[in-house]
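Generate the whole structure from the sequences, applying the supplied hints.
There are 2 protein chains.
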Amino acid sequence: MAGKSVTSVDVARHAGVSQSAVSRYFTPGASLSAKMAEKIRKAAEELDYRPNVLARSLITGKSRIIGLVVYYLENQFYPEVIEKLSAALQESGYHVLLFMSSRTVGDVKPVMQQILDYRVDGIIMVSVSMSSVLAQRCADLSIPVMLFNRDQPDLDLMAVTTDNLRGGSLAAQALLASRPKRIAHLAGYEGASTQIERERGFLEELKAGGQELHSRAVGNFHYAEAVEATHELFDRPDPPDALFVTDDHMAFAAMDVIRSEFRLRIPEDVSVVGFDDVPQAAWPSFNLTTVRQHVNLMVSKAVSELITAIEEPETPLPIKLRIPPTLVRRGTTRD
Amino acid sequence: MAGKSVTSVDVARHAGVSQSAVSRYFTPGASLSAKMAEKIRKAAEELDYRPNVLARSLITGKSRIIGLVVYYLENQFYPEVIEKLSAALQESGYHVLLFMSSRTVGDVKPVMQQILDYRVDGIIMVSVSMSSVLAQRCADLSIPVMLFNRDQPDLDLMAVTTDNLRGGSLAAQALLASRPKRIAHLAGYEGASTQIERERGFLEELKAGGQELHSRAVGNFHYAEAVEATHELFDRPDPPDALFVTDDHMAFAAMDVIRSEFRLRIPEDVSVVGFDDVPQAAWPSFNLTTVRQHVNLMVSKAVSELITAIEEPETPLPIKLRIPPTLVRRGTTRD
DNA sequence: CCAAGCATTGAATACGTTTTCAATTTTGTT
DNA sequence: AACAAAATTGAAAACGTATTCAATGCTTGG
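In the order they appear, the protein sequences are chains A and B.
All residue numbers for the first sequence refer to my numbering, where the first residue is 70 and numbers rise by one.
All residue numbers for the second sequence refer to my numbering, where the first residue is 70 and numbers rise by one.
Heads up, some of the hints might be wrong.
Distance condition first, Cα-Cα at most 30 angstroms in a straight line; then the derived DSSO-like pairs of lysine-lysine [unchecked claim]:
#  : chain 1 : residue 1 : chain 2 : residue 2
1  : A       : K153      : B       : K153
2  : A       : K131      : A       : K370
3  : B       : K104      : A       : K178
4  : B       : K153      : A       : K370
5  : A       : K108      : B       : K178
6  : B       : K178      : A       : K111
7  : B       : K178      : A       : K370
8  : A       : K131      : B       : K111
9  : A       : K370      : A       : K389
10 : A       : K131      : B       : K178
11 : B       : K131      : B       : K111
12 : A       : K178      : B       : K370
13 : B       : K131      : B       : K389
14 : A       : K178      : B       : K250
15 : A       : K104      : B       : K178
16 : A       : K178      : B       : K153
17 : B       : K131      : B       : K153
18 : B       : K108      : A       : K178
19 : A       : K370      : A       : K153
20 : A       : K111      : B       : K131
21 : A       : K153      : B       : K178
22 : B       : K276      : B       : K250
23 : B       : K131      : A       : K131
These are calculated hints, taken from the structure and not from any lab test.
As structure tokens, this is what we get:
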């Protein structure tokens, strides 16, 4: 922002018109004669002028910035989501201010403060949750908040999620088909709504099929912890012969350990089902049966609902959308 | 940005001081008595006030926003880079406005225009190149541009790269150790400086070892295209027994095809070397010998040099940094 | 050809802050 | 105690834009 940038006043002078006219030229709805418009177009082009959106936002009260909060990018699901969210918002004339919430940086609270400092028009939180205090803060400022792939039913926030209950149930069906004896579950972070719902759906379907859970361990959505957890599950006389992992990312860890450490074959000795259907799940090395989240649909819904909430504040909130998942059968399960 | 947010004037009134005093309270170097500071602190807290950074940027001429341009996130190298860049910038009090350049969106030019509209203090382009016209435009506005993992030697832009020439040479050494008969190369996008330099370093080292290239195909840095390219390379009577792939992401594609389509063993039938050392390279499924880019170092250098250029504009430009790579021997090569 | 109405234009104001400037208070020195 | 120097304070201007308002120009229908 260092350069002595050219302003609407410069353009006005150069074109021999008022500053208001220049402003109107760059304001879609405004009233301006063709002759004026041409003069300004020419002057603006010669001077390489473009309106300063920060100054504009000061007066319009709209920054056209969306704060995007992400926890981590280790799991390939998130890069995909970010890429698509960002592209969709760009197409709608919004821009993304990116914040990494945890791990490298500290808590969510200071991050949220920084976001609000930029007077964002809206916030998208990808797999990150938020205290009720912060939620109230945003509500007071009438800044819409969209939770992506996580829900906090007690809070009046918008949310787009997969129907995780149904997803857990699909995962169970995929495993039950091979009539397993010992069914295990490798869980993510237990405070996450996604974990809770997927596991519940999974357990309910097992029960309906007359089966119950044999063993369980927690991987907290991280590869390294999932490796540990898999050791826990399999390092015993009666290891599982079917495994539901709460996301693909941990499922890859589990498969790696099962094959290279315990020398078991997938799916002959152990069936595995993941969740998400990230691109790598389709790679021959994994060829993972998984529950697909429909990212494109989730993204387009999240963006369109958020923009509606921003541009038509009267619309009643909160909106909670649940997208149905699909089971993708690949090579880690048998029929 | 919808809410009637509280301003410094409100705080001033509530604390019984001037608006200037409030501003000074939030300006680190400013002169303010302890008594004043306490009154303002209290008032600001009661009203939940925080300065509007957009208004501030209007007058200071500094937005503390860095435009980050990324081509795609399919390759896990980029999420890692983004996560770390974003965290490092956040720690230095800067924030990231994220732009996806191609594929989903169109050209770089309109994207650059949008970035400039936000009066960013600096720009980081991750594996994206830029026309000389755009570079000149940024120079005119005295906005520093940092190229990350790509260089355009003809342009006066800052750049942080790995010493790709050396990296290519290391890759060759790793392959030559097993005395291969037919050495192949799977290339990325041929316009990329990384591709050009890595290949050159590789070929020079082959020559020094008295060997030459047997075959070559292009995967353009995409998994799907790398699959095709690998078919080209191996679908012949004399397939390669050693393969250097320009990045890990394509190397995974190649390994998948080599193993699941051509039923060859790695490294017994074919040695493979990649480049980047993304997290997945260490996973047992791949266990890939690769040339490590030192991302942490590259990121911290890129950020510190960029910030120096922003905050001390007198510093002579451009700065080009080349970080030496390291060979990581794993299971896809033999000694 | 005239008047009413509408479209077009520019001057002036507002947005929320930082910063200069001059006025005032406090501090330090002898 | 007296004075110079330093620190503190508030009023006002500035940043670059959108928008209100009043004034002007143009169109149109009779």
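Notebook entry, point to check: Does K111 (chain A) pair with K131 (chain B) here, judged by a C-alpha cut-off of 30 angstroms?
Noted result: Judged against 30 angstroms, a Cα distance of about 29 angstroms means the pair holds.
Notebook entry, point to check: Is K131 (chain B) within 30 angstroms of K111 (chain B), Cα to Cα?
Noted result: Roughly 28 angstroms separates the two Cα atoms, so the pair holds.
Notebook entry, point to check: Given the hint that K108 (chain B) pairs with K178 (chain A), does the C-alpha gap stay at or below 30 angstroms?
Noted result: holds, 24 angstroms
Notebook entry, point to check: Do the alpha carbons of K131 (chain A) and K111 (chain B) lie within 30 angstroms of each other, as the hint requires?
Noted result: Judged against 30 angstroms, a Cα distance of about 29 angstroms means the pair holds.
Next item on the list: Below or equal to 30 angstroms on CA atoms is what counts here, so check K178 (chain A) against K153 (chain B).
Entry: Distance ~20 angstroms between K178 (chain A) and K153 (chain B) Cα, so the pair holds.
Check: Is the straight-line distance between the alpha-carbon of K370 (chain A) and that of K389 (chain A) 30 angstroms or less?
Finding: holds, 11 angstroms
Check: Is K104 (chain B) within 30 angstroms of K178 (chain A), Cα to Cα?
Finding: It holds: about 28 angstroms lies between the C-alpha atoms, which stays within 30 angstroms.
Check: Given the proposed pairing of K178 (chain B) with K111 (chain A), does the C-alpha separation stay at or below 30 angstroms?
Finding: holds, 20 angstroms
Notebook entry, point to check: Within a Cα-Cα threshold of 30 angstroms, do K178 (chain A) and K370 (chain B) meet the stated pairing?
Noted result: Given that 30 angstroms is the threshold and the Cα spacing comes to 28 angstroms, the pair holds.
Margin query: Check the hint pairing K153 (chain A) with K178 (chain B) against an upper bound of 30 angstroms on the C-alpha distance.
Written below: holds, 20 angstroms
Note to self: Would the hint linking K153 (chain B) and K370 (chain A) be met if the CA-CA limit is 30 angstroms?
What the structure shows: Answer holds: K153 (chain B) to K370 (chain A) is near 29 angstroms, not above 30 angstroms.
Item checked: 30 angstroms Cα cutoff - pair K178 (chain A), K250 (chain B) -> violated, 59 angstroms
Hint 14 from the earlier list is the only one contradicted by this structure; the remaining hints agree with it.
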